[in-house]
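Trainee: Below are the chains, spelled out letter by letter.
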Amino acid sequence: AQSVSQHNHHVILSEAASLELGCNYSYGGTVNLFWYVQYPGQHLQLLLKYFSGDPLVKGIKGFEAEFIKSKFSFNLRKPSVQWSDTAEYFCAVNPLSGSARQLTFGSGTQLTVLP
Amino acid sequence: ETGVTQTPRHLVMGMTNKKSLKCEQHLGHNAMYWYKQSAKKPLELMFVYNFKEQTENNSVPSRFSPECPNSSHLFLHLHTLQPEDSALYLCASSQEGRGKTYEQYFGPGTRLTVT
Chain A
1 AQSVSQHNHH VILSEAASLE LGCNYSYGGT VNLFWYVQYP GQHLQLLLKY
51 FSGDPLVKGI KGFEAEFIKS KFSFNLRKPS VQWSDTAEYF CAVNPLSGSA
101 RQLTFGSGTQ LTVLP
Chain B
1 ETGVTQTPRH LVMGMTNKKS LKCEQHLGHN AMYWYKQSAK KPLELMFVYN
51 FKEQTENNSV PSRFSPECPN SSHLFLHLHT LQPEDSALYL CASSQEGRGK
101 TYEQYFGPGT RLTVT
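From first to last, the protein sequence lines stand for chains A and B. Each residue of the first sequence is one higher than the one before, starting from 1 at the first, in the working numbering. Each residue of the second sequence is one higher than the one before, starting from 1 at the first, in the working numbering.
Some clues are possibly wrong.
Said to hold, decoys possible - Distance ranges between label pairs, derived from CB positions:
no., chain 1, residue 1, chain 2, residue 2, range
1, B, H26, A, A17, 37 to 47 Å
2, B, Q95, A, L114, 16 to 26 Å
3, A, A16, B, S62, 45 to 55 Å
4, B, T113, A, Q42, 17 to 27 Å
5, A, E88, B, N58, 16 to 26 Å
6, A, S52, B, G28, 37 to 47 Å
7, B, E84, A, K71, 19 to 29 Å
As the list claims (entries may be wrong) - These stretches of chain B come out as covered by chain A in the derived footprint (C-beta under 8 Å, 3 or more residues):
no., region
8, 40–47
9, 83–89
Said to hold, decoys possible - The calculated DMTMM-like cross-link candidates involving lysine to aspartate or glutamate, where the alpha carbons are at most 25 Å apart (straight line), are:
no., chain 1, residue 1, chain 2, residue 2
10, A, K49, B, E96
11, A, K58, A, E20
12, B, K19, B, E67
13, B, K41, A, D85
14, B, K41, A, D54
15, B, K18, B, E103
16, B, K41, B, E103
17, A, K78, A, E66
18, B, K40, A, D54
19, B, K36, B, D85
20, A, K49, B, D85
21, B, K19, A, E88
22, A, K49, B, E44
23, B, K36, A, E66
24, A, K71, A, E15
25, B, K40, B, E103
26, B, K41, A, E88
27, A, K58, B, E103
28, A, K71, A, E88
29, B, K40, A, E20
30, B, K36, B, E24
31, A, K71, B, E103
32, A, K69, B, E103
33, A, K78, B, E67
34, A, K61, B, E103
35, A, K58, B, D85
If you are wondering where the hints come from, they were derived from the structure by calculation, not from laboratory data. Treat the numbers as computed from the prediction; the structure is a model and nothing was measured. Where is the CB? At the ideal position from N, CA and C, for every residue including glycine.
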């Protein structure tokens, strides 16, 4: 079964610092990749997604992620974080063979941005 | 408004009680999901319904019983739960089909506490 690893459980940054959150997955075939964000007290929201084409994808609120197939990675980045980016971030992988509905999530990374 | 609503938002129940969680999606999707979100753990997929047919049951104990009367509504019936079942229960929906991206849209969740 596929797995998703988010190595950073809690990241603390000051405003304007650059952000990179790691995500690695174990599935060897073709995948769809997602980053979701959960702001305090709110529901999970889609931040960005990758399914084909340009491996550098841009999402909402200035976030981007790069798919590196050879490294099985899909790291999330933002050049300059804001206090409002404080949230929990989840990486998810959807293999395109077998059970296509099976989204597998990482355990999440809590980001705290200090004002 | 996410397009996926869940009621109730909070639920406290004893181990001998029977209760139900309700989910409704207003997005015209044909697939719905139940997830369990516990602290410090990845989201756990519990059940998947596609066109009202249950297509996945990820080894969930029988004290959780799903029901999908139509493509817009999903229930999770609970009975004789254990304290370790306390968690946030999330509902999601997606549009399944050839060429679709399988991104899922989440509701706000029901915070369940079993006493």
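Trainee: For every hint, state whether the structure bears it out.
Mentor: Against the structure, the hints come out as follows:
no.: 1; hint: B/H26 <-> A/A17: 37 to 47 Å; result: holds, 38 Å
no.: 2; hint: B/Q95 <-> A/L114: 16 to 26 Å; result: violated, 39 Å
no.: 3; hint: A/A16 <-> B/S62: 45 to 55 Å; result: holds, 52 Å
no.: 4; hint: B/T113 <-> A/Q42: 17 to 27 Å; result: holds, 20 Å
no.: 5; hint: A/E88 <-> B/N58: 16 to 26 Å; result: holds, 22 Å
no.: 6; hint: A/S52 <-> B/G28: 37 to 47 Å; result: violated, 24 Å
no.: 7; hint: B/E84 <-> A/K71: 19 to 29 Å; result: violated, 36 Å
no.: 8; hint: 40–47; result: holds (count 5)
no.: 9; hint: 83–89; result: violated (count 0)
no.: 10; hint: A/K49 <-> B/E96; result: holds, 16 Å
no.: 11; hint: A/K58 <-> A/E20; result: holds, 14 Å
no.: 12; hint: B/K19 <-> B/E67; result: holds, 13 Å
no.: 13; hint: B/K41 <-> A/D85; result: holds, 21 Å
no.: 14; hint: B/K41 <-> A/D54; result: violated, 31 Å
no.: 15; hint: B/K18 <-> B/E103; result: violated, 32 Å
no.: 16; hint: B/K41 <-> B/E103; result: holds, 21 Å
no.: 17; hint: A/K78 <-> A/E66; result: holds, 11 Å
no.: 18; hint: B/K40 <-> A/D54; result: violated, 33 Å
no.: 19; hint: B/K36 <-> B/D85; result: holds, 9 Å
no.: 20; hint: A/K49 <-> B/D85; result: violated, 31 Å
no.: 21; hint: B/K19 <-> A/E88; result: violated, 29 Å
no.: 22; hint: A/K49 <-> B/E44; result: holds, 20 Å
no.: 23; hint: B/K36 <-> A/E66; result: violated, 28 Å
no.: 24; hint: A/K71 <-> A/E15; result: violated, 30 Å
no.: 25; hint: B/K40 <-> B/E103; result: holds, 23 Å
no.: 26; hint: B/K41 <-> A/E88; result: holds, 12 Å
no.: 27; hint: A/K58 <-> B/E103; result: holds, 16 Å
no.: 28; hint: A/K71 <-> A/E88; result: holds, 24 Å
no.: 29; hint: B/K40 <-> A/E20; result: holds, 20 Å
no.: 30; hint: B/K36 <-> B/E24; result: holds, 17 Å
no.: 31; hint: A/K71 <-> B/E103; result: holds, 23 Å
no.: 32; hint: A/K69 <-> B/E103; result: holds, 20 Å
no.: 33; hint: A/K78 <-> B/E67; result: violated, 41 Å
no.: 34; hint: A/K61 <-> B/E103; result: holds, 19 Å
no.: 35; hint: A/K58 <-> B/D85; result: violated, 37 Å
Violated hints, in rising order: 2, 6, 7, 9, 14, 15, 18, 20, 21, 23, 24, 33, 35; the structure is consistent with all others.
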